[in-house]
Amino acid sequence: MTCRDIQPLLVETLSGTTPPDQRRLVQAHLATCAACRADAASIERTAGLLRRAPEAHLREDLWAGFMTALEARLAADQHRPGARVRHWLRRPLHAWATGAAAAALVIALGTALGVPGRPRAAADRTPDDAAVHVMKMVSPQVVEGIPAMDASLSVWKAGLGAGGVSYELTGGR
Amino acid sequence: MNTHAEDLALVEAFKRGEESAFTAIVIKYREAIYRIARRLVHSHEDASDVTQEVLIRVHRALPRFAGRAQLRTWLFRITVNLCLDFAARRSRDAIPAGQSHEPAAHPGDGPAEWVERRELGEAVARAIDALPPRQRAMVVLRVYQDLPYADIARIMGCAEGTVKATMFAAFGKLRTALAAQALDGGGRMRTGGRP
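Chains V and U, in that order, give the protein sequences.
Per numbering that gives the first Met the number 0, the very first residue in the first sequence carries number 0; after that it's consecutive.
Per numbering that gives the first Met the number 0, the very first residue in the second sequence carries number 0; after that it's consecutive.
Since the hints were made in silico from the structure, they are not lab data.
One or more of the hints may lead you astray.
Just so you have them, the derived chain U footprint on chain V, three or more residues with Cβ under 8 angstroms [said to hold, decoys possible]: (1) 23-36; (2) 43-57; (3) 69-79.
Glycine included, each C-beta is placed from N, C-alpha and C at the ideal position.
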């Protein structure tokens, strides 16, 4: 190895824990290179000063007061607006359900707003017409997933505390 | 059980709803987080605030922690990011005297030794403080937490080679700064430190 290769390794080797093979590599180079030995001595002196600098004194009562303040802040954090909803949404199953519900909502909105070129006026449309129209627009995989989206919407509503919604998928917890 | 496995067990327990697992994580890591913050933001009050903010963010995000990184690395990454944000918002012209590094009394230390240790602490704090923020964070993680370069790279979100090059540059600056403050190899002021 050249001096150029060794120099970045010197700080790593002399400033803390290093893999033994790397330490041996550096030691082998230092045994034959006076310039790098001088650099190493200088780096070692600097690292020594940094390590000898005392850590700040921690007051004996620091952690008791800290834990009390932390508990108060955590309690306040859990009561901030929307915290329960965000907490609920962070669960992976809930996030998936919310995503599916959002997809169902987009499809429903698409149906409600209609698409260009429709032969009849909105007032003449029936729910079945809308469903047939949506079926033409989506792939068979999405059609198969519609019952699961309905179930997800139910889970999502129940998680938000909506009244009168069955919550059978989660066992009513 | 090694530390990583123990940490994963605590995270899983927290995900199952055991709040006491979070308390165990806090007790295990609060001092390391505080000490990193203290080196990066200086005052006890600011370091304590940053430590609390780190732990509140961890409490919010822990349900999504997938365990791909070590918990310690993840905690330190949040800590460093918060400290860098905090430092960027603060005016950082100088460390207020007497506030930076009041050392703990060592048994057997006389007044002269105590003053000497305090001077060394303040000189080193000034030298570290003069580094650019990311260099400062890397030096603190390496020298005071003894983290391997691979972990520092993960915490700082950069390549290991970048850490190597940055640390080499940082040590060059520290060497110059400490020499300018006239510290000898034993950490004593060579001239003018005391009347």
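Here is how each hint holds up against the structure:
With 0 residues bearing a CB less than 8 angstroms from a CB of chain U, the region 23-36 of chain V misses the requirement of three and the coverage assertion fails. Beta-carbon proximity to chain U at under 8 angstroms applies to 14 residues in the region 43-57 of chain V; the threshold of 3 is reached and the given coverage holds. Counting residues of the region 69-79 of chain V whose C-beta sits closer than 8 angstroms to any C-beta of chain U gives 4, which meets the bar of three, so the coverage hint holds.
Hint check: a violation occurs at hint 1 only; the rest are consistent with the structure.
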